[in-house]
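Trainee: Based on the sequences and whatever the hints tell you, model everything.
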Amino acid sequence: MTAAALTDGVLPGPRLVPGSGRWPILLSVPHSGRHYPDWLLRLSRRGHAGLKMLEDPLVDRLVWRAQALGIAAVVAEAPRAAIDCNRADDELDPACISMAPGLGHDGWRVRAGLGLVPSRLQSGELWRRRIGPAELRRRLDSAWRPYHQLLRAEIEQLRRRHGEVLLLDCHSMPWRAGQAEVVVGDLHGRSAAGFLTDLARRTAEEAGFRALANDPYAGGHIVTAHGDPLAGVHALQIELDRRCYLDTSGEAPGEGFDRCARLLEALARRLGEALLGRQARTLAAE
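Everything in the sequence shown is counted per this note's numbering, starting at 346 for the first residue and increasing by one.
Think of the hints as simulated: they come from the structure by calculation, not from any bench.
Think of the CB as a built atom: it goes at the ideal place given N, C-alpha and C, for glycine as much as any other residue.
There may be inaccurate statements among the hints.
To be verified - Quick list of the computed label-pair ranges, beta carbon to beta carbon:
1) D592 <-> A625: 40 to 46 Å
2) G415 <-> G477: 41 to 47 Å
3) D435 <-> R473: 21 to 27 Å
4) A479 <-> R604: 42 to 48 Å
Mentor: Okay, structure coming up:
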């Protein structure tokens with residue numbers, strides 16, 4: 346069934362790109378979904394062009410070199426405008442979701458209109474009406490829950506094989522004056538070991554990018570929910586400045602596209618080698 350033919354509230358599920366299992370790395374791409382069902386477009390005040398503004402454009406293609414190493418990837422096919430896999434399922438905005446009084450979430454993302462279902466852009470409200478609990482449940486069941494189930498299953502498989510695993514959650518960010526071109530987020534040390542964060546930042550700098558850790562993005566729900574360094578599961582959010590890989594239209598690959606693809610490949614390889622080396626040293630000491 347095509348995305349256009351899906352029942353109201355039902356979204357395309359995530360796509361798993363299998364890996365070889367050689368590397369203790371898993372890629373996550375939650376914000377590049379481009380399958381907009383007809384029912385979603387009918388609901389939109391801003392049309393297709395307005396909803397696309399919430400995408401991380403082409404990040405699912407940008408990870409191709411890392412995938413070529415044999416690294417698995419979980420990729421959202423549903424658009425972020427319909428359901429945001431990088432938000433908790435209780436980040437509910439009463440501006441766009443019908444619910445009992447007092448059940449809305451008061452977090453800063455929801456207040457900014459960027460909750461589980463985004464409610465607005467700077468240009469105004471996104472939707473013609475609020476959605477009800479049953480429709481929200483269909484969105485969660487068809488797209489959000491399968492995404493996190495796939496992440497958990499792939500993480501556990503790699504953890505059993507390697508002892509430690511790293512989730513690289515890949516995003517893009519709009520350009521802002523004075524902002525780094527690459528931001529590595531680890532929730533200020535809570536979602537990954539510090540040596541991995543430092544190595545990721547240094548890898549980006551050695552590739553010629555201006556890089557920072559946790560500024561201005563420390564990480565969202567994905568690294569919060571899945572990162573557990575004490576259990577051997579590390580999670581880093583990687584943000585890339587869109588100007589580094591897109592053309593001036595903001596929709597097509599630019600001159601820097603392959604440079605950024607090589608950066609993600611280098612991050613996966615170097616961080617994977619670091620974890621494999623640590624595992625080898627642990628085994629040698631036993």
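Trainee: Look at each hint and say if it fits the structure.
Mentor: Comparing the hints with the structure gives:
1. D592 <-> A625: 40 to 46 Å: Cβ of D592 to Cβ of A625: about 43 Å, so the range 40 to 46 Å holds.
2. G415 <-> G477: 41 to 47 Å: For G415 and G477 the Cβ distance comes to about 43 Å; the hint holds.
3. D435 <-> R473: 21 to 27 Å: Holds - the Cβ-Cβ distance for D435 and R473, about 25 Å, lies within 21 to 27 Å.
4. A479 <-> R604: 42 to 48 Å: This hint holds: roughly 46 Å between Cβ atoms.
The structure meets every hint from the earlier list without exception.
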